[in-house]
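Residues per chain, in single letters:
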Amino acid sequence: MMRKLLLGTTAIVGASILATGQALAAEPPELKVSGYIRFEAWFAGQDEEQQTGTPEDNLNASRGYHFRIDDAEIRFNANGVADNGLEYGGKVELDLDGASTIADEIVISLGGAWGTIFLGQEDGAEDLVKVAGFSVLSGQGGWDGDLDSTVNFNSDLNAPDSTGWDSGDATKITYFTPSFAGFRAGVSWTPDTGQELSKIIDDGGSDFENHIGVGVEHKGNFQDLGWHVSGRFGYAEPEDSTEPVDEAWGYSIGARVNYMGWSLAGAWNDNGDSGVATGADGDAGQWWDVALRYSTGPYTVAGGYFRGEIDTGPAGDDEVSIVSVGGNYVVAPGLDVYAEYNYVDDDPADSTVEDNTAHVGVVGTRISF
Amino acid sequence: MKTCPRKLLSVFAALTLFGAVAACSGPTEVTSLDNLVTPEDERKTRAGSVFGEDGFTIGGRKRLSPGETTGIGVNSFLWRASLDTILFMPVTSADPFGGVIITDWYTPADTPENERFKLNVYILGRALRADGVKVSVFRQVQDPSGTWRDSSVPDETAIKIEDAILMKARQLRYETVEQ
Numbered sequence: 001m002m003r004k005l006l007l008g009t010t011a012i013v014g015a016s017i018l019a020t021g022q023a024l025a026a027e028p029p030e031l032k033v034s035g036y037i038r039f040e041a042w043f044a045g046q047d048e049e050q051q052t053g054t055p056e057d058n059l060n061a062s063r064g065y066h067f068r069i070d071d072a073e074i075r076f077n078a079n080g081v082a083d084n085g086l087e088y089g090g091k092v093e094l095d096l097d098g099a100s101t102i103a104d105e106i107v108i109s110l111g112g113a114w115g116t117i118f119l120g121q122e123d124g125a126e127d128l129v130k131v132a133g134f135s136v137l138s139g140q141g142g143w144d145g146d147l148d149s150t151v152n153f154n155s156d157l158n159a160p161d162s163t164g165w166d167s168g169d170a171t172k173i174t175y176f177t178p179s180f181a182g183f184r185a186g187v188s189w190t191p192d193t194g195q196e197l198s199k200i201i202d203d204g205g206s207d208f209e210n211h212i213g214v215g216v217e218h219k220g221n222f223q224d225l226g227w228h229v230s231g232r233f234g235y236a237e238p239e240d241s242t243e244p245v246d247e248a249w250g251y252s253i254g255a256r257v258n259y260m261g262w263s264l265a266g267a268w269n270d271n272g273d274s275g276v277a278t279g280a281d282g283d284a285g286q287w288w289d290v291a292l293r294y295s296t297g298p299y300t301v302a303g304g305y306f307r308g309e310i311d312t313g314p315a316g317d318d319e320v321s322i323v324s325v326g327g328n329y330v331v332a333p334g335l336d337v338y339a340e341y342n343y344v345d346d347d348p349a350d351s352t353v354e355d356n357t358a359h360v361g362v363v364g365t366r367i368s369f
Numbered sequence: 370m371k372t373c374p375r376k377l378l379s380v381f382a383a384l385t386l387f388g389a390v391a392a393c394s395g396p397t398e399v400t401s402l403d404n405l406v407t408p409e410d411e412r413k414t415r416a417g418s419v420f421g422e423d424g425f426t427i428g429g430r431k432r433l434s435p436g437e438t439t440g441i442g443v444n445s446f447l448w449r450a451s452l453d454t455i456l457f458m459p460v461t462s463a464d465p466f467g468g469v470i471i472t473d474w475y476t477p478a479d480t481p482e483n484e485r486f487k488l489n490v491y492i493l494g495r496a497l498r499a500d501g502v503k504v505s506v507f508r509q510v511q512d513p514s515g516t517w518r519d520s521s522v523p524d525e526t527a528i529k530i531e532d533a534i535l536m537k538a539r540q541l542r543y544e545t546v547e548q
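As they're listed, the protein sequences go chains E and F.
Be aware that the first sequence starts at 1, since it is given in the working numbering, and climbs by one per residue.
Be aware that the second sequence starts at 370, since it is given in the working numbering, and climbs by one per residue.
Treat the hints with caution; some may be incorrect.
[Said to hold, decoys possible] The following residues of chain E were derived to be distant from chain F, with all beta-carbon distances above 12 angstroms:
#1 Lys-219
#2 Asp-270
#3 His-359
[Said to hold, decoys possible] In silico SDA-like cross-links for lysine to any residue, where the CA-CA straight-line distance does not exceed 20 angstroms:
#4 E:Lys-91 - F:Phe-425
#5 E:Lys-199 - E:Glu-239
#6 F:Lys-503 - F:Glu-531
#7 F:Lys-413 - E:Lys-199
#8 E:Lys-199 - E:Ile-173
#9 E:Lys-91 - F:Val-406
#10 F:Lys-413 - E:Asp-71
#11 F:Lys-413 - E:Ile-367
#12 E:Lys-91 - F:Thr-480
#13 E:Lys-219 - F:Thr-397
#14 F:Lys-413 - E:Thr-296
#15 F:Lys-413 - F:Gly-424
#16 E:Lys-91 - F:Val-399
#17 F:Lys-503 - F:Pro-465
#18 F:Lys-413 - E:Gly-168
#19 E:Lys-219 - F:Glu-398
#20 E:Lys-91 - F:Glu-531
#21 F:Lys-413 - E:Glu-239
#22 F:Lys-413 - E:Ile-74
#23 E:Lys-219 - E:Gly-182
#24 E:Lys-91 - F:Lys-413
#25 F:Lys-413 - E:Val-337
#26 F:Lys-487 - F:Phe-457
#27 F:Lys-413 - E:Thr-365
#28 E:Lys-219 - F:Thr-545
#29 E:Lys-219 - F:Phe-425
#30 E:Lys-91 - F:Asp-410
#31 E:Lys-91 - F:Thr-414
#32 F:Lys-413 - E:Arg-68
#33 F:Lys-413 - E:Leu-94
[Unchecked claim] Derived CB-CB ranges, DEER-like:
#34 F:Tyr-543 - E:Phe-43: 58 to 66 angstroms
#35 F:Asp-464 - E:Thr-365: 39 to 47 angstroms
#36 F:Asp-473 - E:Val-331: 45 to 53 angstroms
#37 E:Tyr-294 - F:Arg-498: 54 to 62 angstroms
#38 E:Gln-223 - F:Asp-423: 22 to 30 angstroms
#39 F:Phe-420 - E:Gly-220: 30 to 38 angstroms
#40 E:Pro-298 - F:Phe-466: 27 to 35 angstroms
To be clear, the hints were calculated from the coordinates, so they are not data collected in a lab.
Treat the numbers as computed from the prediction; the structure is a model and nothing was measured.
We treat Cβ as the ideally placed atom computed from N, Cα and C, and that holds for glycine.
Throw the hints in and build the complete structure from the sequences for me.
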């Protein structure tokens with residue numbers, strides 16, 4: 001019944017947009033094509049070159065270096081403004097990362113002074129306001145990049161993941177308020193966090209349903225000082241599965257301060273018990289990070305620290321620490337080169353699994369258009 | 370378990386109210402994916418675009434800064450203001466693409482007969498800004514033998530003319546905005 005009511009309210013919002021006047025294009029619609037390509041050389045030395053634990057794919061990193069083009073994107077954005085003020089648009093983002101489904105984010109947006117609705121596959125409200133230490137990192141993004149593709153992590157929480165309480169790009173409806181004096185808030189509803197570019201219904205998988213994500217942010221500035229703070233929250237129920245797990249909930253708070261070319265940012269994130277087997281000890285982990293950046297002209301240097309911990313129960317905590325430093329140089333509009341070094345300390349709770357220490361260097365170049 | 374949609378409804382209601390209040394209370398910015406930039410998006414676009422500020426765009430209206438036009442090569446307010454300001458002098462050359470106006474020699478009615486002036490006005494760009502216009506003033510004095518000889522001009526003269534042009538440009542801009 002509630003669900004019907006919810007659908008009803010969505011329909012009313014939709015109807016109220018359409019009822020405000022005859023929608024004729026007040027401004028010529030436009031199509032913007034953008035995207036990026038990057039090439040990277042990776043160098044890694046680590047204690048555990050062969051996979052011993054279970055979290056990641058079976059990895060054999062014995063050579064210690066490789067070249068890669070692992071990610072490229074093409075985005076099409078079409079936008080128009082109707083003469084009643086309705087700003088409408090659509091985005092299709094093709095992510096060429098080797099996955100069989102190349103469409104990554106597909107979303108329709110309808111906006112105005114009353115707020116904006118996003119319909120489709122896009123980050124939820126809890127993700128779109130994200131601020132964290134890695135917001136200011138350079139290079140390929142340190143712990144927010146692709147370290148787990150090269151480093152044999154035996155601890156689960158080895159990146160700033162918000163497993164379970166973050167709905168990712170799953171198909172959803174999101175409402176955002178306009179920004180008012182720098183404040184903005186949004187909420188998303190995702191019926192099935194496993195539903196992504198698919199019409200096959202699976203209500204009994206290992207993912208979550210009825211996900212609600214909330215994001216609140218404030219952006220402001222005073223003379224040379226600028227700031228961006230955000231709070232994020234997510235909640236979801238597990239789908240019926242043979243192994244019952246806890247409901248997903250979690251939150252994160254983050255802040256960033258900019259002053260005269262310097263940026264300092266950090267975040268705290270708690271994944272609660274999201275998806276932990278019902279009745280089991282332990283939790284889904286917490287992470288925090290902090291990073292500092294300095295930019296002058298085309299040069300940017302940045303460095304920071306990440307710490308992730310999961311309570312695995314009687315065995316103790318999985319602990320991961322990552323230090324990342326890097327720099328970017330913008331050679332020309334749309335072209336930059338970057339270099340990055342990461343030190344990784346992976347200390348799993350399971351005493352039968354070796355700890356891993358890794359040094360990872362990345363040199364890359366990127367074209368964005 | 371099933372209380373979830375009810376919670377969701379109240380959140381939606383609260384946010385819609387916030388949105389409505391925000392919309393009625395003053396300057397707001399419409400939310401779009403352009404102003405919800407995730408850290409990953411920021412990294413990807415840090416170097417800008419090969420195609421410049423607006424990227425590769427088909428259709429739409431070209432975004433112009435104040436006074437920038439597609440017809441002439443320099444700021445239209447400064448261009449109009451310059452012409453208006455030196456209207457009283459004969460113009461020998463005016464190039465709207467290069468932004469150069471050159472006048473002929475001219476003797477104002479209230480100056481001695483043996484003194485004449487010439488002006489060069491350069492408009493330096495598409496933006497309306499204080500250093501966007503440069504004026505050079507030339508003065509010649511006729512000696513008893515009838516030959517025109519170059520003579521010095523106080524620096525303030527050029528600056529005063531520049532100020533007059535900027536004042537006029539500001540006025541034109543203001544009138545345009547008023548419309």
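List of violated hint numbers, smallest to largest = Hints 1, 7, 12, 20, 21, 28, 29 and 37 not satisfied by this model.
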